[in-house]
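Student: One letter stands for each residue in the lines below.
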Amino acid sequence: MFRFIVRRLLQLIPTLFGLSILLFIWLHRLPGGPETALLGERGTPESRAAIRESLGLNESVLIQYGRFVKRLVQLDLGTSISTKRSVTTEFLQRFPGTVELTITAMVIAIGVGIPLGYLAARRRGSFLDQFSVGGSLLGTCIPIFFLAYVLKAIFAENLGWFPTIGRQDASIEATHITNFFVLDGILTREWDAAADAIWHLVLPGVALASIPLAIIVRITRASVLEVLGEDFVRTAEAKGLTERTIRRRHVLRNAMLPVATSIGLLTGLLLSGAVLTETVFAFSGIGAFIKDAISNLDYPVLMGFIMIIAVVFALVNLLVDVSYSLIDPRVRVR
Amino acid sequence: MRSTIPRGPRMTLAPGKKKEKLDRLAELSAVRDDEQGVSLWREAMRRLRRNPSAIVGAAILVIFVLVAVVGPFLVPFDPVDQSGIREGVIKPGSIPGSSAEHWLGYDHQGRDEFSRLIVGARQTLIVGIVSTLIGLTIGVTIGGIAGAAAGLGGRWGRLIDSVLMRIVDMLLSLPSLLLAVSVAALLGPSLTTVMIAVGVVSVPIFARLLRGSMIAQANRDYVLAASSLGVRKSRIAISHIVPNSLAPVIVQATLTLATAIIEVAALSFLGLGNPDSTQPEWGLMLADAQVYLDVRPGLAIYPALGIIITALGFTLLGEAMREALDPKLRR
Amino acid sequence: MRAARPKAAIAVIAVAALAVAGCAESDRDNEGSGQSTKDTLVFGTAGDPKVLDPSLASDGESLRVARQIFETLVRPEEGGTKVTPGLAESWTPDATGTVWTFKLRSGVKFHDGTDFNAEAVCVNFNRWYNATGLMQSADVTAYWQDVMGGFAKNENPDLPASLFKSCTVKDATTVDLAFTAVSSKVPAALMLPSFSIHSPKALQEFDASNVSGTADDIKYPSYALEHPTGTGPFKFKSWNVADKTLTIERNDAYWGDKAKLKTLVFRTISDENARKQALRSGDIQGYDLVGPADVEPLKGEGFNVLTRPAFNILYLAINQKGNPKLADVKVRQAIAYALNRQALVDSKLPPGAEVAQEFMPSTVEGWNDQVTKYDYNLEKAKQLLAEAGASNLTLRFHYPTEVTRPYMPNPKDIYELLSADLKAAGITVQGIPLKWTPDYLNATTSGNKHDLHLLGWTGDYGDGYNFIGTFFSRPKDEWGFNNKALFDKFAQADSTADATARYALYKELNADIMNLLPGVPISHSPPALVLGKDVTGVKASPLTDERYATAEFKS
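Residue numbers (numbering that gives the first Met the number 0), protein chains in the order written: chain R, 0 to 333; chain X, 0 to 330; chain A, 0 to 554.
Chain R extracted, bound-state conformation (with noise of 0.2 Å):
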């Protein structure tokens, strides 16, 4: 086991490299753009390339790559174009944002799809059963971002129910520690900041959610109906255990399984739509700031943010295998 988790840490690294390699060249583009970032049209050509000159970036590409691979050891991703701070204070400070949210979608997603896929596969045919169905094909289909529109006319603009952008609002002024919005207003008491973090996550939780809910949904339902058949159940129930007894020791114990080996996988779809979600909202996480150095071509950030990101999901994929193993014991990792 400890051999296996090694040996998938080190794959990790060439990995990585290649994509770093990849991620250089590809979004590294000479002759670059910060000097325009800075003066707009009041710039001169005269200006800009004295900016372009003080930067670094008219040297060759080999050189740059060189001196970013040396602070990548370093674990220096560089600094931000558009905001001037590192790229690691601005990943730090915003990625307790998406955390909240994916946590958020999390929750409503298997909150809402595991009894939801079960009920289904429960009364297979019924009209329950189709509209998850149905509901959870139509899920896959509908663009993240044009729900999300939906959501906040719908709810935030015309019914005001929620607010509409942002994690908190402004002028609560609520003490920050560990810029986990909901854990901050829990540890200093201020339950008002708290619950309108909360309040914050509602929507854009809800949109983000849209599509593993509907994964999960089809996932437990079709794992559920399968297990439903097995002979073992067919004997508990002639046992005479209770609906209650056979759902909890063996439908779901077993049915859960391959939700828990499809966390990696929603785990990515939650990433990707964070993006897409973050923006809309303008909710300050990792994804709507991705978002705006894609419009201002921020390379560090980029590419900062997204080895980050390979990283972090290639550890839950690995968590997701390792726990897979544990959970059933037929399954010998190699």
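Incorrect hints may have been included.
[Stated by the list, open to error] Simulated DEER-style distance windows between Cβ atoms:
hint, chain 1, residue 1, chain 2, residue 2, range
1, A, Lys261, R, Arg188, 23 to 29 Å
2, A, Asp251, R, Tyr64, 52 to 58 Å
3, R, Val311, X, Ile166, 20 to 26 Å
4, R, Arg252, X, Asp275, 52 to 58 Å
5, A, Asp38, R, Thr174, 18 to 24 Å
6, A, Glu386, R, Gly65, 56 to 62 Å
7, R, Tyr64, X, Asp275, 38 to 44 Å
8, R, Leu314, X, Arg41, 57 to 63 Å
These are calculated hints, taken from the structure and not from any lab test. Predicted, not measured: the structure shown is a model, and the values here were computed from it. Note that beta-carbon positions come from the ideal geometry of N, C-alpha and C, so glycine has one too.
Once you have looked at the hints, place chains X and A on chain R.
Tutor: This is chains X and A only, laid out in the frame that chain R set:
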């Protein structure tokens, strides 16, 4: 992952034993036919015809393809003609909606929305198909080589398999949209960029699919039989294994088409798509319409509905095909 | 595994959380979610400020904040561009026109309690004049170099000599500013926020001129990021960069009318739709650069939409060194006649926009009503093209993406309209979209691989030279022509001390420009900002110089 293909004793043909070997081969083939019963495809088609969601999906598809192919010749207006501007009916805060002449009204540049929607179907279909084909071709090639190498190639084969899969893993190390964004940010905003970016995202799926399929096939008895008969490995791979591995690829291609259309729209939304409106495309139309959501929400809703319905059609059909082709599913 | 219980637990927690949130929500406020208390205004901005020391800033967001915290010697009249007293009560030039004596206000204190006086003024001017190292870089002190040219000791040999010469303290409230030449920029340019007066004590204490770091990683001193200290009606409170909010609060020791608001929060919301929705739901009480499509709807809903008098210009630049046919004035005239500018203004620009007939707005002295006009005439355009032997022209047309400018709210839409017009005249257009940052300006204002492009300008201060001089006073790659007579006339205008004579020269220059037609002026567009339904007291400024000290909530 080490290959777990069992290596049985190699059967060599001694002249005297040939007849028995051929008998044995015939036995095996017969068993194989029984296992599969009627041809897989015919069985699948039968199941599909009875499946309501498959019918709905196929119907949507047919309509979509018809609109995409024939529609542009029948549109009432030129999708690029900014007639509304000339007629002076477009104002910053008001865009006329449905009328007798313009069934869905104007868009924000005074062009006929209905015509753009129809012509957009074609562009969207092309983009979806091309990007899926890119992913399919590259993925199938990589996966096919890797799978054949792993299944048939011995030690060197497993090495090739390893290296190829490492490359595929690199693509999988990023969530799909971020991978598409990386590729698209490199290449600059254009139609080809989007197709390549979305295509690259689906490469690992096809590669894994075909590789797994090839390896599973390589374990089958008929392959063992053929190779012991002296048929060249490459011939086995090409003439036998690949055709049998095609079914899941086709299913996956259908499903990938659905997600491709949506990812193209997402890339346009992020500003990475082709901004040129003279080639209307639903994803671009949806992205352009965001600013006018207050004034004419229809400009966003029509292409969004188009995308949703089309993606739904492909998904329904793909899922139905997957169920139909899956011999394990007991109804 | 007790699968059902954790799920039930989750459900209970979720419901409880929502209930708590609901209760807390209603405890806080009666007017829906996120309303501010009535002395805090949250203003939505499109981008983050870069730095809080206006001497080092050139972007609108940094300057917007700076304008509330700092003051300059002279300032534009509220809602206009005329030079009026600021920290100086009066100013007179001497006989040569190069030395200006400023009489300063007395009894003014900086936010840290120190006195504002003539010495403080000289400390500030000398700080800029004697800048060294990275502070001489064009991206750090853009406006100083724009106005004054160079420094005491230019480290870059390409920098011109400085227009500013010296600052002399006459007494506590009198100071002499000496310049090396007569210039149209004095004293008008001194109203720029870059010439705000900072507290010398704070400048020293927080090492304000220590712009350090390496070439690709400029580090601003703590003064510029955490301790900006001026004399204005607001003072800096806090800046949460990750959450994109910057807070300033009322200066109770202000020398003039105290601010009516207690707190002013600037919050960055980069998506335009999101800003609008935030305004509607009450999360913010104002934002800038209202989209043209939103002006009427927001007004209709009761919001205060303030339209600034148009002080900008959008133009179609023509590069005479691009496609060789463009050097022929007939071709340029054809392009001008082919563009239906009125239709563009009517359909794409906010109410109040107008077609531009020359390269400066009509409110600026020197505007000339008698210039050659090029009203929309498709037939004439085709005819001119035929005469010039250019009936089959193919031109590259650059336009920017990912940007909104006050003069160009929707670049892509504008490009599509103009290119359709050109196509109707028989010109084949090759559209080239480039991102505003980083590529667009590089591609269109340097080198000659461009033919047509869209660009514009917002005036910095109320002198015509700031418009036409910026564009045409010397050879530029953007336009690709070299006309010595024109450049000489510009130099003459710049050094004319007498205002009336200078304005007459501007009129001549405008006439000349519209005959030479180096490009086609398209429109002046009034950018608008919007404030909440109950917010009053703010006057829109053509220079984007709105003062929020007079803003207040009126129910």
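Student: Work down the list of hints and note, for each, if the structure agrees.
Tutor: We went through each hint and held it up to the structure:
1. At about 25 Å, the CB distance of Lys261 of chain A to Arg188 of chain R agrees with the hint of 23 to 29 Å.
2. With their beta carbons about 55 Å apart, Asp251 of chain A and Tyr64 of chain R fall inside the hinted range of 52 to 58 Å.
3. At roughly 21 Å, the beta-carbon separation of Val311 of chain R and Ile166 of chain X lies within the given 20 to 26 Å, and the hint holds.
4. Range check, Arg252 of chain R to Asp275 of chain X: Cβ separation about 54 Å, and the 52 to 58 Å hint holds.
5. At about 21 Å, the beta-carbon gap between Asp38 of chain A and Thr174 of chain R stays in the expected band of 18 to 24 Å.
6. Between Glu386 of chain A and Gly65 of chain R the beta carbon distance is about 58 Å. The supplied range of 56 to 62 Å therefore holds.
7. A hinted range of 38 to 44 Å for the beta carbons of Tyr64 of chain R and Asp275 of chain X is inconsistent with their spacing of about 33 Å.
8. Restraint check, Leu314 of chain R to Arg41 of chain X: a C-beta distance of roughly 47 Å breaks the suggested window 57 to 63 Å.
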